[in-house]
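Student: Take the sequences, apply the hints, and build the full model.
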Amino acid sequence: MSPDSAATGIAAPGDAASIDRAATRLIALYRTMARIRAFENAAEIASQGGVQAWGLQTSAKPALVRGPLHLSTGQEAVAAGVCANLTRADLLTSTHRGHGHTLAKGADVNRMMAELFGKATGTNHGKGGSMHIADFSVGMLGANGVVAAGMPIAVGAAHALKIRGRPEIVCCFFGDGAVNRGPFLEALNWAVIYKLPVLFVCEDNRISATTPTAAMTGGAGAAARASAIGVPAQAVDGNDVEAVDALAARFVAEVRGREGPRLVHAITYRFKGHVSVDPGAYRDPGEVARALEHDPLTIARAKLVARGLPDDAMATIDAAAKAEIDAAMALAAAAPTPDPASAYTDIQNTGAGQWR
Amino acid sequence: MAVMNYSQAAAAALSEAMRADPSVVALGEDLGRGGIFAQYRGLQQEFGADRVIDTPISEATIMGAAVGMALAGLRPVVEMRVVDFALCAMDELINQAAKNRYMFGGQGRVPLVARMPIGLWTASAAQHSQSLEAWFAHIPGLTVVAPSAPDDNYGLLHAALESGDPVVYLEHKELWGVEGEVTTGSRVPLGSARIVRAGTDLTIVSWSKAMQPCVAAASELEGAGVSAEVIDLRTIWPWDRATVCGSVARTGALLVVHEAVQVGGFGAEIAAAVAEETGARVKRLGAPRIPPGYSKVLEDEARVSVAQIVAAAQALASR
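Chains A and B are the protein sequences, given in the same order. This note's numbering numbers the first residue of the first sequence as 106 and each following residue consecutively. This note's numbering numbers the first residue of the second sequence as 38 and each following residue consecutively.
It is worth saying that the hints were derived from the structure and are not from the lab. Please note: incorrect hints may appear among the correct ones.
If you want a taste of the chain A side facing chain B, the calculated C-beta under 10 Å gives, among others [as the list claims (entries may be wrong)]:
{"#": "1", "residue": "Asn215"}
{"#": "2", "residue": "Lys224"}
{"#": "3", "residue": "Pro288"}
{"#": "4", "residue": "Thr315"}
{"#": "5", "residue": "His379"}
{"#": "6", "residue": "Pro443"}
Quick list of the computed label-pair ranges, beta carbon to beta carbon [claimed, not checked]:
{"#": "7", "chain 1": "A", "residue 1": "Ala457", "chain 2": "B", "residue 2": "Glu259", "range": "46 to 56 Å"}
{"#": "8", "chain 1": "A", "residue 1": "Ala358", "chain 2": "B", "residue 2": "Val300", "range": "46 to 56 Å"}
{"#": "9", "chain 1": "A", "residue 1": "Asp451", "chain 2": "B", "residue 2": "Ala352", "range": "22 to 32 Å"}
{"#": "10", "chain 1": "A", "residue 1": "Gln153", "chain 2": "B", "residue 2": "Ala348", "range": "34 to 44 Å"}
Output of the computed footprint for chain B on chain A, the stretches with three or more beta carbons under 8 Å from beta carbons of chain B [said to hold, decoys possible]:
{"#": "11", "stretch": "231 to 241"}
{"#": "12", "stretch": "247 to 253"}
{"#": "13", "stretch": "270 to 277"}
{"#": "14", "stretch": "318 to 327"}
{"#": "15", "stretch": "446 to 459"}
The beta-carbon is built from N, C-alpha and C at its ideal position, and this holds for glycine as well.
Tutor: The following block contains the structure:
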């Protein structure tokens, strides 16, 4: 697939004629990562004081973004590298940490930010917020508040595509914590026995909420477990967007070729706490500092500079991403709140109107 | 006596129980960090990782393993983070923990306490905001507890740990910071309600965080010339029929208020039982049958307000 497909919403820069094709693709991937980073940085600031947990109280001044905001900062290469290989019509299930997947799948950032602000113009009309962000119009079937819950849904969607003879595939993102829940096993097995068109992507940020996953996981992790059940799987540096892109391209081609499910085990790192108001003080500062040196955006920048691209080209991309998100913030702030009557819509038709 | 918040009161009770009885253990996600609401703070440091067990995100096995632990001589405290996540462990709770003693002819018992905080968690939307106490009250074999205050959380957690059978222990997601006097060394018997405020015109029964708007409503009603008696049920099953019916026999009217959806809520059981027993006028007030939305205006529609309680009480008292 072309990285400037409708799904990614990213276009090659006009001055790219002189740079090679790989660099052009990397620029597009960098732009997606920069947009995700800008989106989450802005949302993070807007969320302070908005949730009560970790013994914290909500602040007197209400946050613009209320509720739990799970940031994928540092993990952008996984979303960008995988989704660059999907079409708009492909389907995707996500985790509670789903802004990057949603944006990279082609969702409109204005509607995404409006959802985080709880506005009527949001992707979910204010009903879901960050943790349940979804944009079915681009095949994004939803972030999920329950670990591993997207996995059976993904195989079901793939099963439907197979039965209906459709050419699309399903991409199923899940975290490293999910491999210790039963639905992981059940969904992988299901995908194998029905030979379903699903690409599983374990976005391994190495921490389950606030507990290091390694201490909670037997064996060699997601890829080994997948191989044991018959799903071809491969690990990849999830902070190297080109490596993720290359592996995803190969696996997506196989899945699209109806060869059965595949699993990408992308190893990355969560720069932030479990939610935006969690300072993550339970982690070794040295580990975090080392991880920050392995920032996926920095890595991509260095590669592009090494290929002769001027550094200010990336600065221009960053500035454009920030401007785009600033505009989304302003639009979200000005957007109308939902009509209270809409609390009683989209529930069920039978019995509608009988609320008590 | 000591001033503690709701979270500290639970941690105090659990740490006392663990000191007194080496068979008491706790298991769940992120317990080593003190739990997501700090309700296990300091416990792993004191009792070690063998007794305050950090688990994988494996709700079914957390609950199922606790059943096995209980059958093999331990008294496990199961941490489910929130009741919404406990839905991933329903077979282990309902078919296994609750049935074991009866189904096997009384050969074993399952002394586990399953903690699963209920309630609306501000701006956390549909999958993190449920109150499911009526589900558990429906299941033979389960005791169901829902404390509203630090003192009760301390005394009821002790009582739950001592009960010897499965207890579904429903703290509230937004009560952790509430402070109050705690009578250390005391117990609150399971199945005993508390009259929070005396009154003569009607009885308001509630539990958990919904006690707060009920108490506020009673003050407002007093200004309007309506004297409301307010009862904190504290234990959902078995519920304190004697205290509630005794109160309603004096006041002649009952309003049950809860944060859970009104349809099929536990208020229906109380209202029906009280009507059968006393012939009094009864009324329920719970949330509309809608999922809580993320946006504040939508979420507010799913809340039971002080104004709604006042209106319902006035309608009942004037009938």
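Student: Now tell me, hint by hint, if it's right for this structure.
Tutor: Cross-check of the supplied hints:
1. Asn215: violated, 16 Å
2. Lys224: Given a least distance of 7 Å, the restraint on Lys224(A) holds.
3. Pro288: Status holds, d = 9 Å.
4. Thr315: holds, 5 Å
5. His379: holds, 9 Å
6. Pro443: Since the shortest Cβ distance to chain B is 5 Å, the answer is holds.
7. Ala457(A) / Glu259(B): 46 to 56 Å: violated, 39 Å
8. Ala358(A) / Val300(B): 46 to 56 Å: For Val300(B) against Ala358(A), whose Cβ atoms are near 50 Å apart, the range 46 to 56 Å holds.
9. Asp451(A) / Ala352(B): 22 to 32 Å: Once the Cβ atoms are compared, 31 Å apart, the range 22 to 32 Å for Ala352(B) and Asp451(A) holds.
10. Gln153(A) / Ala348(B): 34 to 44 Å: Once the Cβ atoms are compared, 37 Å apart, the range 34 to 44 Å for Ala348(B) and Gln153(A) holds.
11. 231 to 241: holds (count 6)
12. 247 to 253: Holds: 5 residues of the stretch 247 to 253 of chain A have a Cβ under 8 Å from chain B.
13. 270 to 277: violated (count 0)
14. 318 to 327: Check passed, 3 qualifying residues.
15. 446 to 459: holds (count 5)
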